[in-house]
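Start from the sequences, fold in the hints, and give me the full structure.
Going line by line, the protein sequences match chains A and B. In case it helps, my numbering puts the first sequence at residues 197 to 450. In case it helps, my numbering puts the second sequence at residues 197 to 450.
Don't read these hints as lab results, they were simulated from the structure. Any given hint might turn out to be false.
One copy or two, it doesn't matter: identical chains are merged, so the pair holds either way.
Okay, derived cross-link-like pairs now, BS3-like style, lysine-lysine, Cα gap no bigger than 27 Å in a straight line [what the hints assert, rightly or not]:
1) Lys-279 / Lys-416
2) Lys-345 / Lys-414
3) Lys-296 / Lys-345
4) Lys-245 / Lys-272
5) Lys-272 / Lys-210
6) Lys-414 / Lys-297
7) Lys-296 / Lys-272
8) Lys-414 / Lys-296
9) Lys-210 / Lys-279
10) Lys-238 / Lys-447
11) Lys-272 / Lys-370
12) Lys-296 / Lys-416
13) Lys-414 / Lys-279
14) Lys-356 / Lys-374
Predicted, not measured: the structure shown is a model, and the values here were computed from it.
There are 2 protein chains.
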Amino acid sequence: MVLNSKKGLYLRYKLTLEYDGTPFVGWQVQNNGVSVQQVLEKALLTCTKEQTLVYGTGRTDAGVHALDYVAHFDLKEECDSYKLCASLNALVRPYPIAIKKVERVSDDFHARFSARQRSYIYKIQNTRWPAVLNMNRVWQYSLPLNVDKMNEAASLLLGKHDFSTFRDSQCQAKSPVKTLDEIRLWREEDIIYMRVAARSFLHHQVRNIIGTLTLVGKGKWTRDDFRQALEACDRTKGGPTAPAMGLYFEKVMY
Amino acid sequence: MVLNSKKGLYLRYKLTLEYDGTPFVGWQVQNNGVSVQQVLEKALLTCTKEQTLVYGTGRTDAGVHALDYVAHFDLKEECDSYKLCASLNALVRPYPIAIKKVERVSDDFHARFSARQRSYIYKIQNTRWPAVLNMNRVWQYSLPLNVDKMNEAASLLLGKHDFSTFRDSQCQAKSPVKTLDEIRLWREEDIIYMRVAARSFLHHQVRNIIGTLTLVGKGKWTRDDFRQALEACDRTKGGPTAPAMGLYFEKVMY
Numbered sequence: 197m198v199l200n201s202k203k204g205l206y207l208r209y210k211l212t213l214e215y216d217g218t219p220f221v222g223w224q225v226q227n228n229g230v231s232v233q234q235v236l237e238k239a240l241l242t243c244t245k246e247q248t249l250v251y252g253t254g255r256t257d258a259g260v261h262a263l264d265y266v267a268h269f270d271l272k273e274e275c276d277s278y279k280l281c282a283s284l285n286a287l288v289r290p291y292p293i294a295i296k297k298v299e300r301v302s303d304d305f306h307a308r309f310s311a312r313q314r315s316y317i318y319k320i321q322n323t324r325w326p327a328v329l330n331m332n333r334v335w336q337y338s339l340p341l342n343v344d345k346m347n348e349a350a351s352l353l354l355g356k357h358d359f360s361t362f363r364d365s366q367c368q369a370k371s372p373v374k375t376l377d378e379i380r381l382w383r384e385e386d387i388i389y390m391r392v393a394a395r396s397f398l399h400h401q402v403r404n405i406i407g408t409l410t411l412v413g414k415g416k417w418t419r420d421d422f423r424q425a426l427e428a429c430d431r432t433k434g435g436p437t438a439p440a441m442g443l444y445f446e447k448v449m450y
Numbered sequence: 197m198v199l200n201s202k203k204g205l206y207l208r209y210k211l212t213l214e215y216d217g218t219p220f221v222g223w224q225v226q227n228n229g230v231s232v233q234q235v236l237e238k239a240l241l242t243c244t245k246e247q248t249l250v251y252g253t254g255r256t257d258a259g260v261h262a263l264d265y266v267a268h269f270d271l272k273e274e275c276d277s278y279k280l281c282a283s284l285n286a287l288v289r290p291y292p293i294a295i296k297k298v299e300r301v302s303d304d305f306h307a308r309f310s311a312r313q314r315s316y317i318y319k320i321q322n323t324r325w326p327a328v329l330n331m332n333r334v335w336q337y338s339l340p341l342n343v344d345k346m347n348e349a350a351s352l353l354l355g356k357h358d359f360s361t362f363r364d365s366q367c368q369a370k371s372p373v374k375t376l377d378e379i380r381l382w383r384e385e386d387i388i389y390m391r392v393a394a395r396s397f398l399h400h401q402v403r404n405i406i407g408t409l410t411l412v413g414k415g416k417w418t419r420d421d422f423r424q425a426l427e428a429c430d431r432t433k434g435g436p437t438a439p440a441m442g443l444y445f446e447k448v449m450y
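Following this line, the structure appears as structure tokens:
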């Protein structure tokens, strides 16, 4: 039970979600469009008659997808998790959000602050032809990319670094220093995948990393050029920001 | 060179295509909506100034997708295949068709009649929650399916059989007898895949097979029930027709 001084005792619930980021301004409520958070809060109000805030594990940009995103909220009344899940799936329609699981969790669980590690997947469709069945699901990139070279350069980012080169100018984090636990690229037929994992990320960090790695993949940069860019700690020395549509929030570990 | 008595000599081209079947009435030109064939013929007319027929390797139903569909057409003037491919990709927009390859082929190549084997993939998303990132790309099926049991039943279909139980009443084939070279199901996380290969298929054959296999997968039918349905050679003894959106024309062998 969570004690809320204004309203009394609350029960905490954890949500696991998949969403297609295409129609959203991102996870977080904003005044310029529909957010995933807002759709969920509205569905919860309809279904439970309680006005509750939904806390996400972190922001995602407009157009970024999620496979196993986690959020939490508190309710005054106890709800059957299975029924709540089914009701929410019906109520969020036609927005492309799937509620995969609703679970009762202990009071000290916090979707954002309890997180130990988050991971993202980035998908590049490396073909001359446009993405059709994968439209809005990948970054279609026409020039041939050498995944082995991208992987060799990417390994320089493992561990603790000042990631200023890959940090958006709008980033609100106090420090540009982050620790990357994993970064790995592989190809499956026409698709190149990148998986990255860290406790937390800077704004646009993943999209700036993969955008810069394409310079290595197409042979414009060597691994050493990539190292120099990292060491410059300067966004203007990095490569382009890859489009949001190729990025997936994968999962979060608690 | 192909000799056409009305118009003279022609050069034959082979197309390899991917398409999202969602907005189409199917491959073939029909008077109740837009077909893939029609979009391609219009694009070819714009780009080559020649009115040409595009011959597909076979019909696909409304909503059915294609990964490596093959078609051919004839042109009077020689075209650079690479440029033609790029032009067609630009001209078919905004329809979700990707021209993966254009190739000059010999006169005796025929997309339909030269085919030795065609294959299809069917995708079931076996989850309680709706398909979101896979919307219109899978059949979302809520009840748990036992893939091993589906595979055991499916193996009864291998080889030459009278497939009347899995044949649509509108099917125009002369005989219900077909030879299935491959049928195989497997699961990758939430998705169940079925791959089937044969020289040719009856109308709705793949969708009726997978629809009937779900009866086995959910435990309503045994392998023996499935065998009896096959042996009845009667569509009314088969299971439901699975939705088009889970079906992909995979490829064709020549």
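Hint-by-hint comparison with the structure:
1. When the C-alpha separation of Lys-279 and Lys-416 is checked against a cutoff of 27 Å, the pair qualifies only between copies, where the shortest distance is 25 Å, while the shortest distance within a copy is 54 Å.
2. In this assembly of identical chains, the alpha carbons of Lys-345 and Lys-414 lie at most 27 Å apart only when taken from the same copy (9 Å versus 46 Å across copies).
3. For the identical chains of this complex, Lys-296 and Lys-345 are inter-copy neighbours only, at 26 Å across copies versus 37 Å inside a copy, given an alpha-carbon limit of 27 Å.
4. In this assembly of identical chains, Lys-245 and Lys-272 lie within 27 Å of each other by CA distance solely inside one copy; the values are 10 Å within and 69 Å between copies.
5. Proximity of Lys-272 and Lys-210 under a CA criterion of 27 Å is satisfied intra-copy only: 15 Å inside one chain copy versus 65 Å between copies.
6. Taking the closest pair of Cα atoms, Lys-414 and Lys-297 come within 27 Å of each other only across two copies (22 Å); inside a single copy the shortest separation is 41 Å, beyond that limit.
7. With identical chains, the CA atoms of Lys-296 and Lys-272 are at most 27 Å apart within one copy only, with a shortest distance of 22 Å there and 56 Å across copies.
8. With identical chains, the CA atoms of Lys-414 and Lys-296 are at most 27 Å apart between copies only, with a shortest distance of 21 Å across copies and 38 Å within one.
9. For the identical chains of this complex, Lys-210 and Lys-279 are intra-copy neighbours only, at 14 Å inside a copy versus 53 Å across copies, given an alpha-carbon limit of 27 Å.
10. Taking CA atoms no more than 27 Å apart as the test, Lys-238 paired with Lys-447 passes inside one copy only; the shortest distance there is 24 Å, against 45 Å between copies.
11. With identical chains, the CA atoms of Lys-272 and Lys-370 are never at most 27 Å apart, being 35 Å at best within one copy and 66 Å at best between copies.
12. Proximity of Lys-296 and Lys-416 under a CA criterion of 27 Å is satisfied inter-copy only: 26 Å between copies versus 42 Å inside one chain copy.
13. Taking identical chains as interchangeable, the C-alpha atoms of Lys-414 and Lys-279 lie at most 27 Å apart only when they sit on different chains, with a minimum of 22 Å there against 50 Å within one chain.
14. Taking identical chains as interchangeable, the C-alpha atoms of Lys-356 and Lys-374 lie at most 27 Å apart only when both belong to the same chain, with a minimum of 6 Å there against 61 Å between chains.
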